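Trainee: Residues per chain are reported as follows:
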Amino acid sequence: MSQILHVTINGTSKEIAIEPDEILLDILRREGYKGVKRGCKEGTCGTCTILLNDKAVKSCILLAAQTENCSIITIEGIGTRDNPHPIQQAFVDEGVVQCGFCIPGMILSAKNLLDNNPSPTKDEVKMALDGNLCRCTGYSGQIKAVLAAAAVMRGEK
Amino acid sequence: MYSNEILSPTSLKEALAIKDQYVNDIFPLAGGTDVLVMVRNKLGVWGESPVLLNLNNIPKLNFILETDSNIEIGPLVTHTQLLESPIIQKHVPALIKAISIIGSPQIRNLGTLTGNVCRASPAADTLATLYARDTQVQIQTVNNSKLVPIKEFITGPGQINIPENGLVTKIVIPKLEGYFGDYISLRQRYALSIVVVSIAVEALLSKDRSRMDDIRISLGAVAPTIVRATKTEILLKSNAFTKNLIEKAEKMIIEESRPITDIRSNKRYRKAMTGVLLGRILREILSH
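For the protein sequence lines, the chains are D and G, in the order given. Per the numbering used here, the first sequence starts with residue 1, numbered consecutively. Per the numbering used here, the second sequence starts with residue 1, numbered consecutively.
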């Protein structure tokens, strides 16, 4: 029994036909938001992270039907190649991306932190990223990048 | 297949009517951070792709209220909302400590306190403090509403005592004026991990600080449910509060706890740690 889901994705209102058993991750990928990655699909790795009403959540443990009338932001909604978000730019500048699979989720977790806490400590950054697994890098670069992006977003650089 | 059907009522009355009609064939869904993992992995009753009762379209179930003697928390309140709530920060600081290390930020943004209670895990971070506070759970059916003490509501690992047509509609935490509250948990690491052993304490010192007028100690992950260390509580209440008494209490709580060995830790270590953690908290109180 399909139903119509009303959501705003990256600022655009959408009406999407969904089945009751579909998770948001699958809907977003079907709608073309391929920056939302499918990793563990059980709420651990964090690569499917999106912002739901401005809070970071894992879209693999969320039924699409739970998000009626919600605002969703994916990695596609926060910056472009020509006009990247300061966090994206900091990740490039610090050279912290290897395979890249974890990065969309990690950047959105970082955005969730910096939107609420413009001057986080290193420990606060670590805690904000602790739901995003990266198997290539060892995290130290990403933590540096988030701190650098925080300074840019505060207008200090 | 996650669900055959999902029903999304927009009022509590409607939700209770649906639960009354479907009884054991429908499962309430709030955050879903645990439910959807169990459905996906086909664990227990969740393997049958159950009909889900989505409560997220009932905004009235999302509240944190302060009354004269209690804090009342609605079933849709997420862990993040509790962390950010001045009411909880002021009145239940030990709960803030417990919630701040649940899962990951993304889990805390979706998962709810009521979900954590209804999941009834002996290792749940929030439960130790809720037991120390003698928290009550409000259960509602179409024509009835009652408050049940949390230790009667949770009957075993994953087991709760609720009528087949009932929904949890409120968590009621009594205020404790003048108490010192603390929570410590040991885990294998501090991200995305589950408790190895945890302890929550709520203590009220006498005015001259020589005795404990009241103390509640609860332990997590050492029994099929959270348990209160009642013998140790009595020992601490019936003697002068000194370094010597703390040492006796450490020994007694080790005797009193009955943990098991499982994938996360072993019996001997868990037993020993109940003493260490209690000692840490009591020395902190003594030194203040």
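What the hints contain is simulated information worked out from the structure, not anything from laboratory work. Be a bit skeptical, because a hint or two may be false.
Said to hold, decoys possible - Calculated lysine-lysine pairs in the DSSO-like style (CA-CA distance at most 27 Å, straight line):
id, chain 1, residue 1, chain 2, residue 2
1, G, Lys60, D, Lys14
2, G, Lys97, D, Lys122
3, D, Lys41, G, Lys42
4, D, Lys126, G, Lys90
5, D, Lys55, G, Lys97
6, G, Lys175, G, Lys42
From a predicted model like this one, the values you see are computed outputs, not experimental measurements.
Trainee: Please go over all the hints and tell whether each is borne out by the structure.
Mentor: Outcome of the hint check:
1. A threshold of 27 Å between alpha carbons decides the hint, and for Lys60(G) with Lys14(D) the separation of about 26 Å falls inside it, so the pair holds.
2. Between the alpha carbons of Lys97(G) and Lys122(D) the distance comes to roughly 19 Å, so the proposed pair stays at or under 27 Å and holds.
3. Straight-line distance between C-alpha atoms of Lys41(D) and Lys42(G) comes to about 14 Å, which keeps the hinted pair within the 27 Å bound.
4. Our distance criterion of 27 Å between C-alpha atoms is met by Lys126(D) and Lys90(G), whose separation comes to about 26 Å.
5. Proposed proximity of Lys55(D) and Lys97(G) is supported: the alpha carbons are some 20 Å apart, at most 27 Å.
6. A C-alpha spacing of about 40 Å is found between Lys175(G) and Lys42(G), which places the hinted pair above 27 Å, so the restraint is violated.
When the structure is compared with the earlier hints, a violation turns up for hint 6 alone.
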